[in-house]
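**Q** Protein chains in written order, with this note's numbering: chain A, 1 to 454; chain B, 1 to 454.
Bear in mind the hints are in silico, worked out from the structure with no lab data behind them. Just so we're clear, the structure is a prediction, and the values are computed from it rather than from any experiment. Check before you lean on any hint, since a few could be wrong.
[As the list claims (entries may be wrong)] Distance ranges between label pairs, derived from CB positions:
#, chain 1, residue 1, chain 2, residue 2, range
1, A, 78, B, 206, 25 to 33 Å
2, A, 278, B, 280, 54 to 62 Å
3, A, 399, B, 357, 36 to 44 Å
4, A, 81, B, 206, 45 to 53 Å
5, A, 385, B, 374, 53 to 61 Å
6, A, 139, B, 85, 37 to 45 Å
7, B, 71, A, 279, 51 to 59 Å
8, B, 79, A, 138, 33 to 41 Å
9, A, 279, B, 411, 27 to 35 Å
[To be verified] Here chain B is said to cover these stretches of chain A; the calculated rule only asks that three of the stretch's residues, wherever they fall, bring their Cβ under 8 Å from a Cβ of chain B:
#, segment
10, 9-16
11, 42-53
12, 272-285
13, 417-423
C-beta atoms are modelled at their ideal positions from N, C-alpha and C, and glycine is treated no differently.
There are 2 protein chains.
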Amino acid sequence: MAMKPGIPKGTRDFSPVEMAKRNYIFDTIRGVYALYGFQQIDTPAMENLSTLMGKYGEEGDKLLFKILNSGNFLSGVDTADLNEANTPRLAARLCEKGLRYDLTVPFARYVVQHREELTMPFKRYQIQPVWRADRPQKGRYREFYQCDADVVGSDSLLNEVELMQIVDTVFDKFGVRVSIKLNNRKILTGIAEMIGAADKIVDLTVAIDKLDKIGLDKVNAELLACGIAPEALARLQPIICLSGTNREKLATMKKVLAGSEVGLKGIEECEFVLDTLAGLGLKNEMELDLTLARGLNYYTGCIFEVKALDVEIGSITGGGRYDNLTGIFGMPGVSGVGISFGADRIFDVLNQLNLYPQETVTGTELLFVNFGSAEAAYCLPLMAQARRAGVRCEIYPDNAKMKKQMSYANAKAIPFVAIVGENEMKEGKITLKNMVTGEQSLLTVAEMVNIIKK
Amino acid sequence: MAMKPGIPKGTRDFSPVEMAKRNYIFDTIRGVYALYGFQQIDTPAMENLSTLMGKYGEEGDKLLFKILNSGNFLSGVDTADLNEANTPRLAARLCEKGLRYDLTVPFARYVVQHREELTMPFKRYQIQPVWRADRPQKGRYREFYQCDADVVGSDSLLNEVELMQIVDTVFDKFGVRVSIKLNNRKILTGIAEMIGAADKIVDLTVAIDKLDKIGLDKVNAELLACGIAPEALARLQPIICLSGTNREKLATMKKVLAGSEVGLKGIEECEFVLDTLAGLGLKNEMELDLTLARGLNYYTGCIFEVKALDVEIGSITGGGRYDNLTGIFGMPGVSGVGISFGADRIFDVLNQLNLYPQETVTGTELLFVNFGSAEAAYCLPLMAQARRAGVRCEIYPDNAKMKKQMSYANAKAIPFVAIVGENEMKEGKITLKNMVTGEQSLLTVAEMVNIIKK
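Sequences and hints are given; from them, build the entire structure.
**A** Given below as structure tokens:
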């Protein structure tokens, strides 16, 4: 036999069980997005490189998968380019399309391209694969799914509130306990004003994050070493040692940032979101967390991040508010707020905690054993009846040995097997075997359906 | 403003309404596949070119989208190749990956790669986009979805029967009346034996197809012109004029093909499939159709094709039995049978016949008008309650003019609007406006949910 064929590194096949799990995740997220009035769109896998290039930094440009022009791809290439071996310039001649790198840039492109048809505020979600020519490693793939929802064209904080409700509902449906962390870019800007430098905000959040591990003295020493002035450091102490309930934290912050208009605005925004959510009976904790500093160049208001409480895996969902989605395409003033569920990590979390509902992972619920053509002919109408009642069933297509048919049922983890031989045909019934308990009973189709669907 | 960004030719964005329709189609097909014990798999968008090349003929190779190698893509290229400008050879050096062209070759690759994990018979379905660098035209795209189901590892005709039941159930769920046409490669082989040349089978089926339009004499003249011998033509007359019920057609064919073992085998197979289906209460007609000659190089047994009865659009689903799925990857003996729903054409058929259920196209069911922060705060818990009851609802995020909020509801085709002002807050109720009838009533949340979900 020839060498086994393989797939490109960093890509994956999804087996039936993996797909059932992935479908469960996507269907759950889709359902919740829809409950909040978000509508799904889809954009093509290929975008023009002019849409993608320059949007993800120089590093990102290198990670784009580029598609060789069809036909005579050399037609636009001159020999000088070839001989110079300037790969970026040559790539631009050889390729005009690339695979999408994320869902944000295609969404921005979509909003600009279709702006006349869109009703603002526009609430869209999108669940599609993206491709990155990253070095593959554990948990990092070259093809993976993103599940983004955004509202654009509205500054209202009710949007932030809804997104937090969505996060809470989704993880509640999954049965995963999470902590939903909230911060605000404006609070960080306020703090930056205090310490005299925006670029020290990252050092500060990193240092605060270490407080539990290394203690206050070492944190302060680190901050001084980063170049934060002693007076600023003194004023920072309540922020570094910030603790208590969200309400207590906000009260402290208000005092510390009393001199910063933008800082106070950030606090007010968080306060509104937290107060509003407090009345809505979330199942998970919201936590104000100043160490949250994701997407600093992009986000301009609230920032969120979700961590699983019972699995060590990092952030499994995140998002925030941005001021300018479509400026890159020459359409200014489109602000919005979005979240993105990390499907691959959620997949791992549900696996580790064994939280997939049995129903969603079970494919076929009922296998009819095939004892020959007469028996099969008798079974087919019964199967049609069971299917009309929603039972997922199949008949083993060949009259193989019983043992082989039973191993098929076991391999597919089919929970019930129907045995129909001469006796059953005479009585007009079915012997149903529960593959877990081994129990067998002689039943009508209706009785059988009731047991399976119970 | 800068030039509007666009997307590569032959690709499409799917708007919310289009996506809702597409989801309805896919979810329906998924649901039916699952009822018959088929399980979904997913394969990566990118395959190694070694997997794809040479599988679709020379023309197909040209239509593959190839992906430029990452990093220094010139490293494997020597200047001789460049100067020669041999594009196929150069492409092979520049690219080792391509986008999948169909779902069959990736499925064959999957079966070979995972053969140790698979339980045969393996019933899989796959709903994914494929890419072809075809010249785009009306109804032909460079990115489109295929929805394939196959059973491999079983020769039983029960598989054919099940696939026909699936086709019947899917179109019944869609409310589309179809004709399911059945033929068999072996019957065609038998006929070819009769007329002395396998390559004349296509001429024959084309000619038979014209019988209604041009009449018997002209059909016969055409066949003689194709080089069919007069004696053969005489024996062919009952086939050309074949009519009546499936049973009558089979009886005629049995006589005509009495001398061909393979031909009789094909008739027997069709007879089994048709007889078995006759007892299963299909909603649509099955028709034995000798003009069906799709995939002659690939299919070896039953061939099917589905045509919509109320829309002129060509085949909307097709498939058949093949003997050798995985031989191209050095694993012989894997026979199977499959079908493929033509999602794009089904989309058009449902559009033309206006058959999308309102429920599936409706996004948000209920919009809460925003009269300000106090009213919004009052609405949010009511909305949480409505959502728990499955009502898809949203609040207009900004306190905009009533007119603007109502046009938003209209633009999104939201069927109900909830109006909550001072009065409603005092009474603990909601004024629900039916956007179609204009009717308004003062209701509790529970009453409102009942009306919306009715």
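**Q** Could you run down the list of hints and mark each one as holding or not?
**A** Structure-based check of each hint:
1. In this structure, residue 78 of chain A and residue 206 of chain B break the distance hint of 25 to 33 Å, their C-beta atoms being roughly 49 Å apart.
2. In this structure the supplied range 54 to 62 Å holds for residue 278 of chain A paired with residue 280 of chain B, their Cβ-Cβ distance being about 58 Å.
3. At about 41 Å, the CB distance of residue 399 of chain A to residue 357 of chain B agrees with the hint of 36 to 44 Å.
4. A hinted range of 45 to 53 Å holds for the C-beta pair residue 81 of chain A and residue 206 of chain B, which are about 50 Å apart.
5. Evaluation of the 53 to 61 Å hint for residue 385 of chain A and residue 374 of chain B yields a pass: the beta carbon distance comes to about 56 Å.
6. For the pair residue 139 of chain A and residue 85 of chain B, the supplied restraint of 37 to 45 Å holds, since their beta-carbon distance comes to about 43 Å.
7. Judged by the Cβ atoms, the range 51 to 59 Å given for residue 71 of chain B and residue 279 of chain A holds: they are separated by roughly 54 Å.
8. Taken as a hint, the range 33 to 41 Å holds for the pair residue 79 of chain B and residue 138 of chain A, whose Cβ atoms sit roughly 40 Å apart.
9. For residue 279 of chain A and residue 411 of chain B, the Cβ-Cβ distance of about 30 Å falls inside the hinted range of 27 to 35 Å, so the restraint holds.
10. Given a C-beta distance limit of less than 8 Å, the hint that chain B covers the segment 9-16 of chain A holds, as 6 residues qualify and 3 suffice.
11. A count of 9 residues in the segment 42-53 of chain A with a Cβ less than 8 Å from any Cβ of chain B is obtained; the coverage claim is therefore met, three being the minimum.
12. Figure legend: the segment 272-285 of chain A, annotated as covered by chain B; annotation consistent (4 residues with Cβ-Cβ distances under 8 Å, at least 3 required).
13. With 0 residues carrying a beta carbon less than 8 Å from a beta carbon of chain B, the segment 417-423 of chain A misses the three-residue requirement, and the given coverage is violated.
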